[in-house]
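J.: Can you build the whole structure from these sequences, using the hints too?
Number of protein chains: 2
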Amino acid sequence: MELPRAPLERIMRNAGAERVSGDAVEALRSEVEDVAKELANEAVQASKHADRKTIKRDDVHLASH
Amino acid sequence: MELPRAPLERIMRNAGAERVSGDAVEALRSEVEDVAKELANEAVQASKHADRKTIKRDDVHLASH
Chain A
1 MELPRAPLER IMRNAGAERV SGDAVEALRS EVEDVAKELA NEAVQASKHA
51 DRKTIKRDDV HLASH
Chain B
1 MELPRAPLER IMRNAGAERV SGDAVEALRS EVEDVAKELA NEAVQASKHA
51 DRKTIKRDDV HLASH
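Going line by line, the protein sequences match chains A and B. Counting in my numbering, the first sequence runs from 1 upward without gaps. Counting in my numbering, the second sequence runs from 1 upward without gaps.
Hints are computed from structural coordinates only; laboratory data are not their basis. Just so it is clear, the structure is predicted and the values come from calculations on it, not from any experiment.
Note that identical chains are pooled: a pair holds if it fits in a single copy or bridges any two copies.
Straight line, CA to CA, 20 Å or less: simulated SDA-like cross-link-like pairs of lysine to any residue:
id : residue 1 : residue 2
1  : K37       : E2
2  : K37       : D58
3  : K56       : R19
4  : K48       : R13
5  : K37       : M1
6  : K37       : H61
7  : K37       : R13
8  : K56       : A6
9  : K53       : E26
10 : K56       : R13
11 : K48       : E18
12 : K56       : E26
13 : K37       : G22
14 : K37       : V25
15 : K37       : S64
16 : K37       : E26
17 : K48       : E9
18 : K37       : P7
19 : K53       : R13
20 : K37       : P4
21 : K48       : H61
T.: Okay, structure coming up:
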C-alpha cells in the first residue's frame, strides 16, 4: 500500500461523487496501485532492453502503449 | 496533479529500477492519474445507475472490469 487515500478520494469527488465509502477508496487505491506496478515493471523491462540503468520517460510511455 | 511523487518513485524502485529520472516519475504519475480518473468516472456512473449517491466498493469493481 503505497498511494495515500486523500488524493484518490479527491479524484472521486472531482468525478462527481457526492459520498464515497471507505471501501470504495480502498478499492480504487488497490486498482490504481496494480496499474502503477504493472507500468513500472514494463518500464523497467523497457530500460533493460535499451541497456540503461536509468528509467526514462520514454520507458514509461512505451509501457503504457 | 493529485498523486504525490514519492510513492510512485518507490513503486518504480520496487519494480527493480536502479535510477529513475524525474521525467519518468512525472510520466508515471500522469498515466496513473488518468487511470484513476477514468475508474472514478465509471464508478460514479455505476452508482448513479444503481440510484445511489454513495460510491461503494462494488462500483469501483464494476468500473475496473
